[in-house]
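*Asks:* In case you want the letters, here they are:
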Amino acid sequence: MEDQENLDTFIQRIHQHDAPFYREHWGGVQKFAELPVVTREDFLKTPLSLRRYKDEKALIKIVHDPAGAFLSEWSFVDIGREAYGLPARRPMVFLENPHEAIEKSMWCYEHGMLPLVGEKTLEIATYAAEKYKIDSLITDTSSLIKLEPYVRGRGPLDSISILGERFEPKELLHFGQYARQVRLVLALPETGAIAAAALAAEPRWEALPDCILENTETLLVTKKRLLVTPIVRYQTTLPPLNNYDGAL
Amino acid sequence: MMERSDVAALGERSLAELIVAPPEEARLYIIRVTSGTTGAPIVIATGYDSAAPLRLAGDERVERMVACIGSMSARLANVLLARSGPHERVLQTLALDPQDLVGDLEGLLADYHPEGLHGFCSFVVRTLAYMSKEAAADIRVVKLTGELLSESTESLIRGCLPAARHNQIYIAAEAGGSLAERCAYLPRNCFHPTPEVSLEIHNPDADGIGDILVSKPLFRSMRIDRYRIGDVGKIRQGTCPCGKEATLELLGRKGSDYVKVAGAIIRREEFDRVASLVLRHMDDYRVEVSETLEKGVLKGKVVLKLYWGGRSVTLALCEEIAKEFSHAVFITPTQTLADLVEQGLFLPLKVEYSLEQFLEKHKNIKLFSLPQL
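First to last, the sequence lines map onto chains A and B. Under numbering that gives the first Met the number 0, the first residue of the first sequence carries the number 0, and numbering increases by one thereafter. Under numbering that gives the first Met the number 0, the first residue of the second sequence carries the number 0, and numbering increases by one thereafter.
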């Protein structure tokens, strides 16, 4: 009940905000469950200036999509509230997408960790990883596969967080031997982290705190925090999560 | 005096200390990684001086920056400084990647409405091609770094960004980033050292020109002391109208393991390789590298100067050598100079014969970058 009240207050706050994006998109609808979904297409066609709900020190990312590109702004404080990685002493961030790599490196700083961000050239990235004696990795599937010779040739890491939109867990299972903990983090550039699961053949996904997931034909995501561009009933193209019952 | 290998060893020590004693305030430090252009990369832990975040935002109180920086660790350092500035000042940063330089960027920059541009000269110039006149007119400050700034590049940027105050920063990743900054009174490629940095000239010639030596704190109690950074310059005498005493005039890359130009890296090792294969009609060679503007487009220019016992040769032979050399010398891992000429990024290679032997002002230097065109 309290959650529902908080959600109603959150929706009301967005309704009353100067930024017109959601107000115009929702019309007069006030109830969360009845709010029209918002899609990436809506972000693509709406300038950031019309969907900016707060003004803080922030990182601006470019999100490339086959249909075009749009800006996704994340305040550093909000970046820190995402659940991208696990506590570590010497984390390395090695991601295919450079905007995401910078953002996840800033996540490390927000958590008091000094990160090594991987350079694009694999040889330089692994050379630096050896020198820094990294103890954890924040990466994505394709980058992890490139790093496999390095992780195979060293002692186990404390943790590997594999970020992505889709996973083939069975193809990743063997990475379990390279770290004490390997987790999958479902994330989109514009929504941040959505759900996480320990690496397994059939991962048991859990929605991350502050995330409301609705299993419809595709996964609907709501973040219960006022982000620069809030995420409310955001229709992803991700399939529903099997283990998640969709309850609010 | 410290050489590159000494700084690499210092880097190892800084990392070792970091492992033993992790920082209490991580955000005061950054792990920098050099590109490895001149050998193994250097990985180093470094701090930054307390005024660095303020310098990034500048007196103009720029609130929205675009960073045009290739290296990931340098890009992260830039974003970290933006994060670390005074709380009352909002600073948003878009850290561009070269792969963002596609058609959509113009609309995105118009949406973002940046007030400042910061980054490598060639990357900034490439970004300007995606900036509408309206968006460019609102840029109030441009900070250039990483490469020697040529007159043509500066004039191209001034033409595109009419309202921008120009700034230039002298940096070296392995020395912890910013070393010196140009003030409003200085011409291009002239700088005052940033706080805690000391610059001197080693073994200057009659014109006062010699190797630049850098001293500065690096990490905790570790210091870089009289590090021969690989650039050539001179110290200008007299007090600047801004009140600062020390002024460094940067004259180019020395030693010439490599020269950066028009966003590419010309490597002496590769020129040596091709010279040994292709150049039959010479005793010695030099390469002069510069940037030039051709119909408003910034291009790299390479002149190959040959000495062959004082002999002159026909124009046809020069053209033949230029063709053969261009097709053999790789500027990127996969593209030859001829490829880059075809793409309009470089002018065709020019070959000239010298009747006089090359002077050996600095031992074994074959590659020169030219600041003035």
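Source of the hints: derived by calculation from the structure; they are not laboratory data. Check before you lean on any hint, since a few could be wrong.
Here are the simulated DSSO-like cross-link-like pairs (lysine-lysine), alpha carbons at most 27 Å apart as the crow flies [stated by the list, open to error]:
#1 Lys30(A) to Lys169(A)
#2 Lys298(B) to Lys119(A)
#3 Lys223(A) to Lys44(A)
#4 Lys119(A) to Lys145(A)
#5 Lys132(B) to Lys44(A)
#6 Lys304(B) to Lys322(B)
Okay, the calculated bits of chain B under chain A, using three or more residues with CB under 8 Å as the criterion [claimed, not checked]:
#7 286-300
#8 344-355
Beta-carbon label-pair distances, calculated as ranges [unchecked claim]:
#9 Arg165(A) to Pro97(B): 51 to 61 Å
#10 Asp110(B) to Arg153(A): 18 to 28 Å
#11 Ala136(B) to Asp17(A): 23 to 33 Å
#12 Cys182(B) to Asp7(A): 35 to 45 Å
#13 Ala66(A) to Ala136(B): 40 to 50 Å
#14 Gly67(A) to Gly207(B): 24 to 34 Å
#15 Thr236(A) to Asp224(B): 27 to 37 Å
#16 Ala183(B) to Arg224(A): 37 to 47 Å
#17 Ile144(A) to Asp110(B): 43 to 53 Å
#18 Glu170(A) to Ala327(B): 40 to 50 Å
#19 Glu170(A) to Asp224(B): 45 to 55 Å
#20 Arg88(A) to Pro97(B): 49 to 59 Å
#21 Arg165(A) to Glu133(B): 52 to 62 Å
#22 Asp7(A) to Thr331(B): 55 to 65 Å
None of these values were measured; they are calculated from a predicted model. All residues carry an ideal CB built from backbone N, CA and C; glycine is no exception.
*Asks:* Checking against the hints above, which ones are violated?
*Replies:* Of the numbered hints, 1, 7, 8, 9, 10, 12, 13, 14, 15, 17, 20, 21 do not hold.
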